[in-house]
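Visitor: Construct all of the structure, not just a fragment, from the sequences and the given hints.
First to last, the protein sequences are chains V and Y.
If you use my numbering, the first sequence closes out at 116, no skipped numbers anywhere.
If you use my numbering, the second sequence closes out at 114, no skipped numbers anywhere.
Errors might be hidden in some of the hints.
Unchecked claim - Calculated cross-link-like contacts (lysine-lysine; reagent style DSSO-like; alpha-carbon spacing at most 27 Å):
| hint | chain 1 | residue 1 | chain 2 | residue 2 |
| --- | --- | --- | --- | --- |
| 1 | Y | 36 | Y | 64 |
| 2 | Y | 17 | Y | 27 |
| 3 | Y | 17 | Y | 60 |
| 4 | V | 57 | Y | 27 |
| 5 | Y | 56 | Y | 36 |
| 6 | Y | 51 | Y | 27 |
| 7 | Y | 38 | V | 11 |
| 8 | V | 15 | V | 57 |
| 9 | Y | 36 | V | 11 |
Everything labelled a hint here was simulated from the structure, so no lab data went into it.
Residues per chain, in single letters:
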Amino acid sequence: GAGVSQSPSNKVTEKGKDVELRCDPISGHTALYWYRQSLGQGLEFLIYFQGNSAPDKSGLPSDRFSAERTGGSVSTLTIQRTQQEDSAVYLCASSLASGLPSYEQYFGPGTRLTVT
Amino acid sequence: SQELEQSPQSLIVQEGKNLTINCTSSKTLYGLYWYKQKYGEGLIFLMMLQKGGEEKSHEKITAKLDEKKQQSSLHITASQPSHAGIYLCGADIPSTDSWGKLQFGAGTQVVVTP
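Guide: Written as structure tokens, this is what we have:
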């Protein structure tokens, strides 16, 4: 079946512009996660959604970052007034559910964001 | 916070040889994941371990979680060029009310030479 898809695969933007990154999870997966991978910080958790519950935003680095998930499926990560330190690969993952015992998380190919 | 340390940072192995990567935590691991990543690509799920002493195998890759649930190892038998890449261990971040988000080790880069 189809895996997690993300778009665009690459995005180059000017400092100060807003960007939107999209994630399509695996069909039927109720949990969706956003992570960021950068050279200096490795792979970091940003935010996750589980069903209709309020998202866990504890990993968002600043209030310039926000995400929404419409209809329990597609998610959009928005970065406002981008800064050069936002340059990274943004990875989305989904799982059947979340909680203990743990559920396998499947990752998309990522969006490489470059802020010039 | 829980830190995940991977060792070694990188290794070069001759094709056909075995290799082992370790992932260590100072705290109890809940849901230990192993992923593989090729440069510029997403993470490929390999295995997930949850119970102390658990061991899983897929093709030539075996992963174990120790009894204390603080260390995991990934072992590749008779390595092939297709095994080259970056191996990442991840674990559930302990929480009182929000389970599912993962933290990751820094990764181990594996190079397989002819």
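Visitor: Taking the hints in turn, state whether each one holds.
Guide: Against the structure, the hints come out as follows:
Restraint check for residue 36/Y and residue 64/Y: satisfied, since their Cα atoms lie roughly 16 Å apart, inside the 27 Å limit. Distance hint between residue 17/Y and residue 27/Y is unfulfilled; the C-alpha atoms sit about 32 Å from each other, more than 27 Å. Using a Cα cut-off of 27 Å, the hinted pair residue 17/Y and residue 60/Y holds, with the two alpha carbons roughly 12 Å apart. A hinted pair counts as satisfied when its Cα atoms are at most 27 Å apart, and residue 57/V with residue 27/Y qualifies at roughly 23 Å.
For the hint linking residue 56/Y to residue 36/Y, the alpha-carbon distance of about 16 Å falls within 27 Å, and the restraint holds. For the hint linking residue 51/Y to residue 27/Y, the alpha-carbon distance of about 15 Å falls within 27 Å, and the restraint holds. Under the criterion of a C-alpha separation no larger than 27 Å, the hint pairing residue 38/Y with residue 11/V is consistent with the structure, at around 20 Å. Between the alpha carbons of residue 15/V and residue 57/V the distance comes to roughly 24 Å, so the proposed pair stays at or under 27 Å and holds.
Taken as a hint, the residue 36/Y and residue 11/V pair is honoured in the structure, with Cα atoms around 24 Å apart against an allowance of 27 Å.
Checked against the numbered hints given earlier, the structure breaks only hint 2 and satisfies all the rest.
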